[in-house]
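*Asks:* Going line by line, the protein sequences match chains A and B. 210 is the number of the first residue of the first sequence in my numbering; add one for each residue after it. 317 is the number of the first residue of the second sequence in my numbering; add one for each residue after it.
Rather than coming from a laboratory, the hints here were simulated on the basis of the structure. Check each hint, because a few of them may be wrong.
[To be verified] List of simulated lysine to aspartate or glutamate pairs, EDC-like, C-alpha gap at most 20 Å:
1. A/Lys-316 <-> B/Asp-351
2. A/Lys-379 <-> A/Asp-362
3. B/Lys-443 <-> B/Asp-432
4. A/Lys-310 <-> B/Asp-509
5. A/Lys-424 <-> A/Glu-236
6. A/Lys-424 <-> A/Asp-398
7. A/Lys-310 <-> B/Asp-451
8. A/Lys-310 <-> B/Glu-465
9. A/Lys-376 <-> A/Asp-362
10. A/Lys-276 <-> A/Asp-211
11. A/Lys-310 <-> B/Glu-433
12. A/Lys-316 <-> B/Glu-433
13. A/Lys-424 <-> A/Asp-404
14. A/Lys-379 <-> A/Asp-367
15. A/Lys-379 <-> A/Asp-419
16. A/Lys-276 <-> B/Glu-442
17. A/Lys-310 <-> B/Glu-442
Residues per chain are reported as follows:
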Amino acid sequence: MDIRFNGAGARFAGRQVLEPLSLTLGERRIGIIGLNGSGKTTFARMINGQVPPTPGSVSVGGLDTVKDGRQVLGRVGFIFQNPQNQIILPIVKDDIAFGLKHRGLSKAETAAATEAVLARLGIAHLAERRAHELSGGELQLAALAAVLVTGPDWLILDEPTNQLDLKNRKRVAETIAALDQRLIVISHDLALVEDFERVLLFHEGRLAADDTPGKAIAHYREIAGA
Amino acid sequence: MKALYVDRQTWQHRLPPRLKLIVLVTVSVAVFLLDRPLPLAIAALAGAACYFSAGMGLREALRRLIPALVTIVAVALFTLLFQSAAEAVTALLRLTALMLFAGAVTATVSITQFMDEITLAATPLEKAGLARAADIGLASALVVRFVPEILGRYEAISQAQAARGVRPRALATLMPLIILTLRDADSIAAAIDARGFRQP
Chain A
210 MDIRFNGAGA
220 RFAGRQVLEP
230 LSLTLGERRI
240 GIIGLNGSGK
250 TTFARMINGQ
260 VPPTPGSVSV
270 GGLDTVKDGR
280 QVLGRVGFIF
290 QNPQNQIILP
300 IVKDDIAFGL
310 KHRGLSKAET
320 AAATEAVLAR
330 LGIAHLAERR
340 AHELSGGELQ
350 LAALAAVLVT
360 GPDWLILDEP
370 TNQLDLKNRK
380 RVAETIAALD
390 QRLIVISHDL
400 ALVEDFERVL
410 LFHEGRLAAD
420 DTPGKAIAHY
430 REIAGA
Chain B
317 MKALYVDRQT
327 WQHRLPPRLK
337 LIVLVTVSVA
347 VFLLDRPLPL
357 AIAALAGAAC
367 YFSAGMGLRE
377 ALRRLIPALV
387 TIVAVALFTL
397 LFQSAAEAVT
407 ALLRLTALML
417 FAGAVTATVS
427 ITQFMDEITL
437 AATPLEKAGL
447 ARAADIGLAS
457 ALVVRFVPEI
467 LGRYEAISQA
477 QAARGVRPRA
487 LATLMPLIIL
497 TLRDADSIAA
507 AIDARGFRQP
């Protein structure tokens with residue numbers, strides 16, 4: 210179930226925004242760091258096929274992200290930067306059930322899967338709540354539940370603790386740490402990735418470091434002058 | 317992502333969503349076939365009875381009507397100016413009845429129910445190979461979901477402009493509103509795709 214980049218880059222409007230790179234991702238916890246506009250999100254979006262590689266190819270468990278896009282989407286869950294835009298339906302349990310439509314499940318099976326994922330994340334009490342009434346941390350967890358219910362092997366989280374206060378940041382970080390899925394976490398919150406197995410540093414559309422968290426973060430601090 | 321659906325248990329909520337949507341379509345056609353003020357006034361009163369018993373507080377109910385009501389009054393005034401008083405009254409009553417019935421249905425049918433019913437209604441189109449029923453259902457549901465979102469954003473932009481000492485003007489507010497809405501639409505489309513709802 211490894212992710213492979215084979216000379217894969219990304220190009221928008223005639224501009225190469227991510228230089229071609231080749232690597233294999235197989236660890237359980239991978240962090241992605243870098244300055245704003247460095248290519249982190251583009252790299253992550255190439256994994257679930259939202260951004261097609263130009264040139265090269267990307268595969269997840271042997272499935273090509275372009276040719277086998279539908280299957281790849283089923284294996285790679287994606288939590289976006291702004292959970293507000295991730296929530297499609299206003300009631301939490303309806304939104305979680307939304308991801309299970311067209312999977313041939315009965316209403317009872319959908320309801321059971323929804324309850325199970327809410328219980329697993331400790332947010333069963335949010336089931337009937339309206340998403341716009343939730344705090345930032347609750348909203349992030351609701352968005353996480355909506356993706357987890359689809360049973361992905363990989364989970365990509367784009368800035369999961371962005372805009373959260375300390376209490377919610379801790380709660381979301383603990384929830385993420387307890388997940389069984391293989392994780393790729395894009396974050397400016399360096400504490401979130403410092404215990405990970407591997408950290409990729411992007412800078413100006415290039416992979417600038419692929420190392421242990423300590424070394425990659427040290428390199429990042431040099432680049433950022435911080 | 318505020319919703320127009322009101323989570324209460326009124327008699328209207330207990331009616332099947334399909335029945336409510338069929339009644340709305342029937343009433344919509346009927347009020348355009350009627351052209352005498354009396355039956356249209358009765359329809360408007362019936363619409364008001366449904367709307368104000370849909371479980372909203374009076375203030376919330378009135379607040380929701382303002383944008384549509386402004387448009388309806390403007391249409392009636394133009395009709396009065398360019399046609400006749402009788403036709404202006406007819407237009408006013410017809411559109412008011414329609415607004416009230418539609419408001420009652422919107423407040424008592426959840427987005428999920430709405431999406432399921434529209435998807436079912438669009439099944440013949442899918443069978444004819446013209447479109448995916450699920451896409452039509454989703455698109456219709458997103459329209460309903462976006463209405464309060466766009467109104468909220470309009471208010472936020474107006475307040476931001478007022479805070480900077482700019483008197484809110486329609487054009488100055490509409491431009492950022494359109495840009496922000498399109499940007500969010502892109503994000504939401506990406507989220508829908510990422511959750512595997514639409515088949516690539």
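*Asks:* Within a Cα-Cα threshold of 20 Å, do A/Lys-424 and A/Glu-236 meet the stated pairing?
*Replies:* holds, 17 Å
*Asks:* If you draw a straight line from the CA of A/Lys-316 to the CA of B/Glu-433, is it 20 Å or shorter?
*Replies:* Holds, at about 15 Å.
*Asks:* Would the hint linking A/Lys-276 and A/Asp-211 be met if the CA-CA limit is 20 Å?
*Replies:* Roughly 17 Å separates the two Cα atoms, so the pair holds.
*Asks:* Going straight from one Cα to the other, do A/Lys-379 and A/Asp-362 come out at no more than 20 Å?
*Replies:* The hint is violated at about 24 Å.
*Asks:* Are A/Lys-310 and B/Glu-465 close enough, with their CA atoms no more than 20 Å apart?
*Replies:* Violated, because 24 Å separates the two Cα atoms, which is more than 20 Å.
*Asks:* Hint check: A/Lys-310 vs B/Asp-451, CA-CA at most 20 Å. Holds or violated?
*Replies:* Holds, because 12 Å separates the two Cα atoms, which is no more than 20 Å.
*Asks:* If you draw a straight line from the CA of A/Lys-424 to the CA of A/Asp-404, is it 20 Å or shorter?
*Replies:* It holds: about 12 Å lies between the C-alpha atoms, which stays within 20 Å.
*Asks:* Would the hint linking A/Lys-276 and B/Glu-442 be met if the CA-CA limit is 20 Å?
*Replies:* With a Cα-Cα distance of about 24 Å, the restraint between A/Lys-276 and B/Glu-442 is violated, given a limit of 20 Å.
*Asks:* Would you mind confirming whether the straight-line C-alpha gap from A/Lys-316 to B/Asp-351 stays at or under 20 Å?
*Replies:* violated, 45 Å
*Asks:* Measure nothing beyond the straight line between the CA atoms of A/Lys-379 and A/Asp-367; if it is 20 Å or shorter, mark the hint as holding.
*Replies:* holds, 16 Å
*Asks:* Under the criterion that the straight-line Cα-Cα distance not exceed 20 Å, is the pair A/Lys-310, B/Glu-433 satisfied?
*Replies:* With a Cα-Cα distance of about 14 Å, the restraint between A/Lys-310 and B/Glu-433 holds, given a limit of 20 Å.
*Asks:* Take a quick look at whether A/Lys-310 and B/Glu-442 sit within 20 Å of each other, Cα to Cα.
*Replies:* holds, 17 Å
Hint compliance for this structure: hints 1, 2, 8, 9, 15, 16 are broken, all remaining hints hold.
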